[in-house]
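> For reference, the chains in residue letters:
There are 2 protein chains.
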Amino acid sequence: MEKECIIVLSGGMDSTTLLYDYKDEIAIALTFDYGSNHNAREIECARIHCERLGIEHIVIPLDFMHKYFHSSLLDGADAIPEGHYADDNMRSTVVPFRNGIMLAVACGMAESRGLKKVLIANHSGDHAVYPDCRAAFIDAMSEAMQAGTYDRISILAPYTGKDKTFIAARGAELGVDFSLTYSCYKGRERHCGRCGTCVERREAFRIAGIPDHTLYEE
Amino acid sequence: MEKECIIVLSGGMDSTTLLYDYKDEIAIALTFDYGSNHNAREIECARIHCERLGIEHIVIPLDFMHKYFHSSLLDGADAIPEGHYADDNMRSTVVPFRNGIMLAVACGMAESRGLKKVLIANHSGDHAVYPDCRAAFIDAMSEAMQAGTYDRISILAPYTGKDKTFIAARGAELGVDFSLTYSCYKGRERHCGRCGTCVERREAFRIAGIPDHTLYEE
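Chains A and B, in that order, give the protein sequences.
Heads up, the first sequence is in my numbering, so the first residue is 200 and it goes up one at a time.
Heads up, the second sequence is in my numbering, so the first residue is 200 and it goes up one at a time.
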């Protein structure tokens, strides 16, 4: 089978699970360095998994996001709110249209390299706070990519209707080493355990009944 | 009236005309430096017009396009084909999903700055060769941007159904100094007069009955 996918790979548990899930169809993994608090740790995790799977890994710097965009995710660990994703205060962690930008770049890269599909690991847990993780966005963006390319490149987002618990279970099934994935928005050596993404990560392992080997600060 | 637009401004005659056309509604002009042969000259033109109009001008470098994307537009003057846009050989000048990438970045910047609309100067003369200039793409991308942002940011592309002759006439009406716009894909000091965009530029002035003050090589 010819590999015809490019994946948007952050190095968190969702996209890493997707990487293993579709490894036989992925030609390139793209990781974006947009200056978030946790980018450096995420990128290192992404690199390790691509190396293990023999998948070409490209890191794309998007310095303008850190320079011009407003988001607590770009403003250092102290700016990150604690609590659950469903809480109002999580809105400060939104990086405006981040998925739109990453998908657009991945689409251009796909057309440049003769690939047909862009994989992304958005899931239902993100929908409450991040508009660019919802099915309506993914569908419209896939439509735009098809209309805007000769090869009618489209999006494959198989976790859109699934939650993070499903992903934890799927990853465990695929043998993903989750201790080599990074989630925490504060970006420190250990996961803080209290920000939105840490809360969701712990909850996913607990509900899925998967041992959580993450090192938390507390 | 509150200014609620951000414009994708290349520094060519189309987007410069659009800049003057909507100057009272534009808060920010974004120019992208993606390493094309003619980027440096275009950017300087864009800068001059923004300065004249008192509009904030931001240049966003997108080095990855030059590094990873395939297009004759990124490969030096000698790679540029000569002839008319409608010709098959113009396809080599396509930069994959360029408008998708620029619109996505402009959308994120708009949401970061509380703006509501992204202006772009695609027109019907581009439709034959560039899929990401067609109405179907612009409509779908606008849909994606609305779905992917809290403020339902949308695209305003008033020249989509117009041709370059209309734009030349409109620019002349608005007093645009077209000698301070740059089109040529070869990116040399003078316009070559023979590449697709030069052919279209000359034709537009001729049919619109506007004097063409462009300095051509021949």
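To be clear, the hints were calculated from the coordinates, so they are not data collected in a lab.
Any given hint could be a false lead.
Since the list gives no way to pick out one identical chain from another, each pair is judged satisfied if it fits inside one copy or across any two copies.
Claimed, not checked - Dumping the calculated DMTMM-like pairs for lysine to aspartate or glutamate here, alpha-carbon to alpha-carbon at most 25 Å:
#1 266 - 243
#2 315 - 338
#3 266 - 203
#4 315 - 416
#5 315 - 274
#6 222 - 287
#7 266 - 399
#8 202 - 281
#9 315 - 402
#10 315 - 388
#11 222 - 255
> Could you run down the list of hints and mark each one as holding or not?
Going through the hints against the structure:
For the homomeric pair residue 266 and residue 243, the shortest alpha-carbon distances inside one copy (22 Å) and between copies (22 Å) are both at most 25 Å. Taking the shortest Cα distances, residue 315 and residue 338 sit within 25 Å of each other both inside one copy (16 Å) and across copies (22 Å). In this homomeric assembly, residue 266 and residue 203 come within 25 Å of each other (Cα to Cα) only across copies, at 21 Å, whereas the closest approach inside a single copy is 34 Å. Proximity of residue 315 to residue 416 under the C-alpha cut-off of 25 Å is found in neither arrangement, the shortest distances being 42 Å within a copy and 41 Å between copies.
Taking identical chains as interchangeable, the C-alpha atoms of residue 315 and residue 274 lie at most 25 Å apart only when they sit on different chains, with a minimum of 24 Å there against 36 Å within one chain. Within a single copy, residue 222 and residue 287 get their C-alpha atoms no closer than 36 Å, and across copies no closer than 36 Å, so neither meets the 25 Å cut-off. For the identical chains of this complex, residue 266 and residue 399 are neighbours neither inside a copy (28 Å) nor across copies (37 Å), given an alpha-carbon limit of 25 Å. In the homo-oligomer, the alpha carbons of residue 202 and residue 281 never lie at most 25 Å apart, since the shortest distance is 40 Å inside one protomer and 35 Å across protomers.
In this homomeric assembly, residue 315 and residue 402 never come within 25 Å of each other (Cα to Cα): the closest approach is 35 Å inside a single copy and 37 Å across copies. In this homomeric assembly, residue 315 and residue 388 never come within 25 Å of each other (Cα to Cα): the closest approach is 37 Å inside a single copy and 38 Å across copies. Taking CA atoms no more than 25 Å apart as the test, residue 222 paired with residue 255 passes inside one copy only; the shortest distance there is 11 Å, against 45 Å between copies.
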